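Peer 1: I would like the entire structure built from these sequences, with the hints used as guidance.
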Amino acid sequence: MSYLSLQNLRKDYGGKIFAVDDVSLAIEKGEFVTFLGPSGSGKTTTLMMIAGFEQPTSGHIALAGRAIDPVPPHKRNIGVVFQNYALFPHMSVARNVGFPLRMRGVPKAEIAARVARLLAIVELGAFADAEPRRLSGGQQQRVALARALVFEPDVLLLDEPLGALDKNLREQMQIEIRRIHRELGVTTIYVTHDQTEAMTMSDRIVVFNGGKVEQVDAPLALYRRPNTPFVAGFVGDNNVLDATHAGGGRIELPGVGPIAAALPSDCPTGPLKIALRPESIRLAAGSDAPAFTVQGIVNYGDSVVLVGALGTVPLKIRLPAVAASNLTVGQILRIEWSPDAVHVIGTAR
Amino acid sequence: MTPTKSTPHRPDRLALILLAPLLVFLVVFFLVPLGEVMWMSITEPSFGFGHYGKVLLDPHYRRVVLDTLGTSLMVTTVCVLLAYPLAYVTAQIGGTIGAVLLMLVAMSFWTSFLVRTYAWMIILGNRGPVSELLKATGWDPPPLMLFTRFSSTVALTHILLPIMVMALYAVMRKIDLNIMKAAASLGATPFSAFRNIYFPLSAPGIVSGSTIVFVLCIGFYVTPVLIGSPREQMISGMIGAQIEEFLAFGEASAMAMVLLVVTVAILAVYHRFFGLDKLWG
Amino acid sequence: MRPTMILLGIAVAVFVALPIFIVLPMSFSTSPSLAFPPPGYWLGHYAHFFRDPTWTGPLINSFIVAAGTTLLTMLLVTPAAFTMTRHDFRGKSAINVLLLTPVIVPHIVIAVGYFTYFAKLGLLQTYLGVILAHTCLTSPLAFLTVSAGLKGLDRNYERAAQSLGAPPIVAFFVVTLPVLRAAFLVSALLAFVHSFDETTVALFISGRDVATLPKRMFDAIRLQADPVLSVAATLLFGVVLAVFAASFLRKFFKAGVSR
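Protein chains in written order, with the numbering used here: chain A, 1 to 349; chain B, 1 to 281; chain C, 1 to 259.
Don't read these hints as lab results, they were simulated from the structure.
Please note that a few of the clues may not be correct.
Unchecked claim - Only pairs whose alpha carbons sit at most 30 Å apart, straight line, appear in this in silico BS3-like list of lysine-lysine:
{"id": "1", "chain 1": "A", "residue 1": "K108", "chain 2": "A", "residue 2": "K75"}
{"id": "2", "chain 1": "A", "residue 1": "K75", "chain 2": "A", "residue 2": "K212"}
{"id": "3", "chain 1": "A", "residue 1": "K75", "chain 2": "C", "residue 2": "K151"}
{"id": "4", "chain 1": "B", "residue 1": "K54", "chain 2": "C", "residue 2": "K120"}
{"id": "5", "chain 1": "A", "residue 1": "K316", "chain 2": "A", "residue 2": "K212"}
{"id": "6", "chain 1": "B", "residue 1": "K174", "chain 2": "C", "residue 2": "K151"}
{"id": "7", "chain 1": "C", "residue 1": "K92", "chain 2": "C", "residue 2": "K151"}
{"id": "8", "chain 1": "A", "residue 1": "K316", "chain 2": "A", "residue 2": "K273"}
{"id": "9", "chain 1": "A", "residue 1": "K273", "chain 2": "A", "residue 2": "K212"}
Note that the structure is predicted; figures quoted are calculated from it, not measured.
Peer 2: Structural data, given as structure tokens:
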């Protein structure tokens, strides 16, 4: 049995719509799992049910083989870092970090030692007596992390913890959180709507959409083999296209004709959806390759995204900046891609 | 596995336990005495609706009701006329002067009705500054100002003015001043910009301020009793007199009920059109 | 803005503030009647006031009543505000109306009710009676103030405390109360001032035994123009001013702390 298991969790707020709809998950000890999804997808509600702040309408949560449904939040031994940190403004940094130990009746001397150790880990030893509001956003973040870790929780939950930070700080904190996770090995669930964050940090990613889990996978597998059109579109940039498998490994796009694709052996025939990453498309040398009409050019500096159409099918292409100089709107380009780049959504390979 | 009902660890019983004391308290010590007033108005000294007939039809009582409404209307109107420029200046000017003006208003608001009534007794008294001033201009002996409808109107206006200012200020503070600049850039003269833009935007403040002031005024006890004319009482003064002097609980209660019904009716109309939650700004 | 408008506004402000500047000097006046401006100044009326038990008694009564009212109001209102801001249930809007009725009903109306109701209960002319009545009158404002504070409070503070091992009650006293102390303080001060000033209901139920300062003043004004009245008025005003100064100092102090 896994360390933390969610069984058929549902949550509704009296209406017909489920905020969380039949979510089941198994998380192993020491894992770093990310809940990824747009706002309103149920990821935070699921997190709050694990923490005990929300009651599931139905379903069960078990931690280390023990059902924790009837356990109130203060007895669950689960650390939570909130989006806005929720540092107690009337307590110093050290008193904030020592709070959970005081609540557990830990002797004073031991509290001091453990607080000092955690503050050292988050590299804030010099700020023990500071007031939280005097610290920068990143520092407050680390205090919140230290506070949620000092009592050696069974699970650490982080609810969009980097949402309020600017981009550079966010990257720095991602590395920091991973380092602390490696050092302490605590089972961690991280909630975010930022797919890059999820890709760089996680052992596994759980993609939420509309209250349901769309896919659970390692970051690279998720990127390469999205199971649903939603995952294909949400994780990384993608072209999700309607196609037909006529049989015999031949894929056709409506209005375009057959295209290069290596299909898995279990691929069903009939209409299906395929995903083709914009960056996997190249300019072709020959004149018999498919023709792409450029309708718009977006320059990102290091790369250029061309928005246009393959026949009547809208398509996005991402080219390295050097390959895309001298392009103009209205131009017709010949394009190609490796047959492996075509992923049939819903198939295992 | 079929979904099963999980056991919530925090029953909503706790929410009820927290709410119940205040509810029970208000029922026992507010609603019940209020019901007592209603009950007395039809049972004291014997059952019947005679008191209501008397209160609504007797010319003497009708006079009191009309005087009360008239005075309250007057007070409300003057309050709007005085409060508007003050609130306008306060909202527009901001800064230190705005803060000082606001503080004066707030201080006046929090000064007891009694203290302010007493102040007007001094100001309008026969040896007060107004009389002295009139004497100096040759009006000797000066007119008797205290214990008239004039003095109670002045004092009530002064007492309720801060409330009107606060109601207006709450609305004016939210008016985006760029709107006026936009109007000017579109060719409006300052006056037409004020009349067509600022005034309509501030109108909700006038409505809610007037409602509060009028409702408070018709039920005001202390000031009219102390400073008003004994011959032109207002409803609340009459209610007090019935009890203190004549121990006529039935009549006093019937009048109190009429006052309550009028108050609730005005607020209900306000609620119907604007929503009571907007009344306090 | 036109200067005439500014002048008009300031003139009205002077009118608003005027009485305060009349009452204060009067309390130091040497005149035995209500002559203004006073012919001379002394502290005689203050000495008179504080030597006269018919004045100091009501002053003390007012403090007792206001303190009791404040305590009872906060004890009743705080838990109720929690439920009303944190929970949704059927009949909530009806309860909201009930909680706010005391501000809608004119004081003279409920005073009539208390006069007979408290007579039956034996609460007329008792501290308890006045405190119970005043608590009804102060509760709506206190409720609104505490509720506003709670609505503005990030629930994550309490959640954080609980996730860190604090039971809900402990979380309230260790986190919520300190974080919201401003709202609680303001709400308590409002209740205190409101009770200390309240006249109409106190007139009918405090009687001679527990007469509050406003009741004593009201009676004195009705009887004769006694200059000692200005001392009482100044004290009534002084209490409000003290409350103002306290909240101002608190703000000032807070501004200083947060740089």
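Peer 1: None of the hints should be skipped; say for each whether it holds.
Peer 2: Verification of the supplied hints:
no., hint, in the structure
1, A:K108 - A:K75, "holds (21 Å)"
2, A:K75 - A:K212, "holds (28 Å)"
3, A:K75 - C:K151, "holds (26 Å)"
4, B:K54 - C:K120, "holds (28 Å)"
5, A:K316 - A:K212, "holds (28 Å)"
6, B:K174 - C:K151, "holds (21 Å)"
7, C:K92 - C:K151, "holds (16 Å)"
8, A:K316 - A:K273, "holds (16 Å)"
9, A:K273 - A:K212, "holds (20 Å)"
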